[in-house]
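Those protein sequences? They're chains A and B, same order as listed.
In case it helps, the numbering used here puts the first sequence at residues 4 to 270.
In case it helps, the numbering used here puts the second sequence at residues 9 to 155.
One or more hints might be untrue.
[Stated by the list, open to error] Dumping the calculated DSBU-like pairs for lysine-lysine here, alpha-carbon to alpha-carbon at most 35 Å:
{"no.": "1", "chain 1": "A", "residue 1": "LYS182", "chain 2": "A", "residue 2": "LYS5"}
{"no.": "2", "chain 1": "B", "residue 1": "LYS98", "chain 2": "A", "residue 2": "LYS232"}
{"no.": "3", "chain 1": "B", "residue 1": "LYS98", "chain 2": "A", "residue 2": "LYS171"}
[What the hints assert, rightly or not] Covered by chain A, according to a simulated footprint, are these stretches of chain B (three or more residues, beta-carbon under 8 Å):
{"no.": "4", "region": "14-24"}
{"no.": "5", "region": "45-56"}
{"no.": "6", "region": "109-116"}
By construction, these hints were calculated from the structure, which means they are not laboratory data.
All values derive from a computational prediction rather than experimental measurement.
The beta carbon of each residue, even a glycine, is placed where N, CA and C say it ideally should be.
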Amino acid sequence: MKTLSFILRKENPDGSEASPDGISLVDLRDFTAQVATFLGLGRDANKVETQIKHGSFVVQTDLRQIEDVMVGEIMETVISANRQDLSNISRPRLEVLKNWQKRAQAKDYAISIKGAPGGDFLINHQTPAFLANYQPTVVVEELQRYGIVTDLGGTTSPNVHVVFDGEKKQTTISASQEKLREIEGNPLFKRSLIHFVGELQLETQTLRNHKLIDIQTPNLSTFDSWLEKLTKNGQENWKDVPDAASWVRGIRGDEEDEMEKATRGKN
Amino acid sequence: MDTSALITLEDPSRNHHAAAVSYLRETVNRGWDIMIPSIVLAEYALLGDYKTLLDGKGFKVVGFNFREAIEASEFPIVIDQNDGSRVVIKDDAKILATANIHCPALVLTDDSRMVLGPAKSRVESLHWKGATTRKSLTIPKASKPTS
Chain A
4 MKTLSFILRK
14 ENPDGSEASP
24 DGISLVDLRD
34 FTAQVATFLG
44 LGRDANKVET
54 QIKHGSFVVQ
64 TDLRQIEDVM
74 VGEIMETVIS
84 ANRQDLSNIS
94 RPRLEVLKNW
104 QKRAQAKDYA
114 ISIKGAPGGD
124 FLINHQTPAF
134 LANYQPTVVV
144 EELQRYGIVT
154 DLGGTTSPNV
164 HVVFDGEKKQ
174 TTISASQEKL
184 REIEGNPLFK
194 RSLIHFVGEL
204 QLETQTLRNH
214 KLIDIQTPNL
224 STFDSWLEKL
234 TKNGQENWKD
244 VPDAASWVRG
254 IRGDEEDEME
264 KATRGKN
Chain B
9 MDTSALITLE
19 DPSRNHHAAA
29 VSYLRETVNR
39 GWDIMIPSIV
49 LAEYALLGDY
59 KTLLDGKGFK
69 VVGFNFREAI
79 EASEFPIVID
89 QNDGSRVVIK
99 DDAKILATAN
109 IHCPALVLTD
119 DSRMVLGPAK
129 SRVESLHWKG
139 ATTRKSLTIP
149 KASKPTS
């Protein structure tokens, strides 16, 4: 049976042999929850079997019961952690590892993962604090995405709940009361275009700290009236641009004087 | 959508205007998103009615940020300006890089040279990273878009 074992061991200050007796019930509970998070199993955590072994608390996972893709992810994570390369580790797994290192630094616990290719992973008080010092690369992205608004409001922390297209989980987007007041119409339970900024962690491609800019609800029934409005001044707007393609090529640098021509009509 | 297609859409006197409207109507009917790269918006807004364009018809502006920048830097569409003192990445590359990041079903342009020019080989090689439905095409004279 191919297994991956997560081992929690009490580090006795006097150097005596470790014992599961020294681990509190709360720590046992937290550790098993952290292992489930690390494995990415969510509600499938019942697949995790545990064993009490002499000197430690072991959560042993039968990898045959986990999807191959997930097993690959888990193994990559352990290998990356061993190399102290955190750039490709997902945020939830990173948070678990940080928590473990924090406990290890306090010199009360040692945690190891056994069964991954590339060697066992160990965190104890002698391990360099590479996790605590890690700062992921984050850029602010301004995005527009479609989704269903499932809730909006709040007095102390105004926000909008959205289920984006292609996702099942709900995303919370913070907003000011003023922003929510400015939204035209009632977007609740309508497919809307959500305009927001968020912090994108480049390595994991995860977004967080969403902040609302605007919500627009498309009104498809007025396509013709919209088109009429759009085209009303179209010929006048583009009268000095006989060939759209060559004009575009010009302002992209193919012809030096096209930008001047393009802006002349505006002034 | 590329700038040239937006111009053709807004100006009813253009040869391919009916086709552009047909594409857009079909796209809206299907509930598809219509992406406008921010670089395209900058060009279109020089003379076009961008406020009406973006007024809730399924258009969404996709920015040119870190991922798009890195993608564009890998395009071979780089121009050596005149004496070679300045090298620039052509906006075609930035727009196609944006498309590559956001994976549209198709790229709509009224400029055949956008894909037949220096970007062609890259577009074909992209073709487009495994998305079998994705293709770049010029607005045809036929009024019905292909699915």
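Within 35 Å, alpha carbon to alpha carbon, are LYS98(B) and LYS171(A)? It is violated: about 39 Å lies between the C-alpha atoms, which goes past 35 Å.
Per the coverage rule (Cβ-Cβ under 8 Å, at least three residues), is the region 45-56 of chain B covered by chain A? It holds, with 4 qualifying residues against the three required.
Taking a Cβ-to-Cβ distance below 8 Å as contact, does the region 14-24 of chain B have at least three residues touching chain A? holds (count 8)
With the threshold set at 35 Å, check whether the alpha-carbon distance from LYS182(A) to LYS5(A) stays at or below it. violated (53 Å)
Closer than 8 Å, Cβ to Cβ, for at least three residues: run that test on the region 109-116 of chain B against chain A and report holds or violated. Since 0 is below three, the answer is violated.
LYS98(B) and LYS232(A) were given as a pair; does the straight-line alpha-carbon distance stay at or below 35 Å? holds (33 Å)
Consistency with the previously given hints fails for numbers 1, 3, 6, ordered from lowest to highest.
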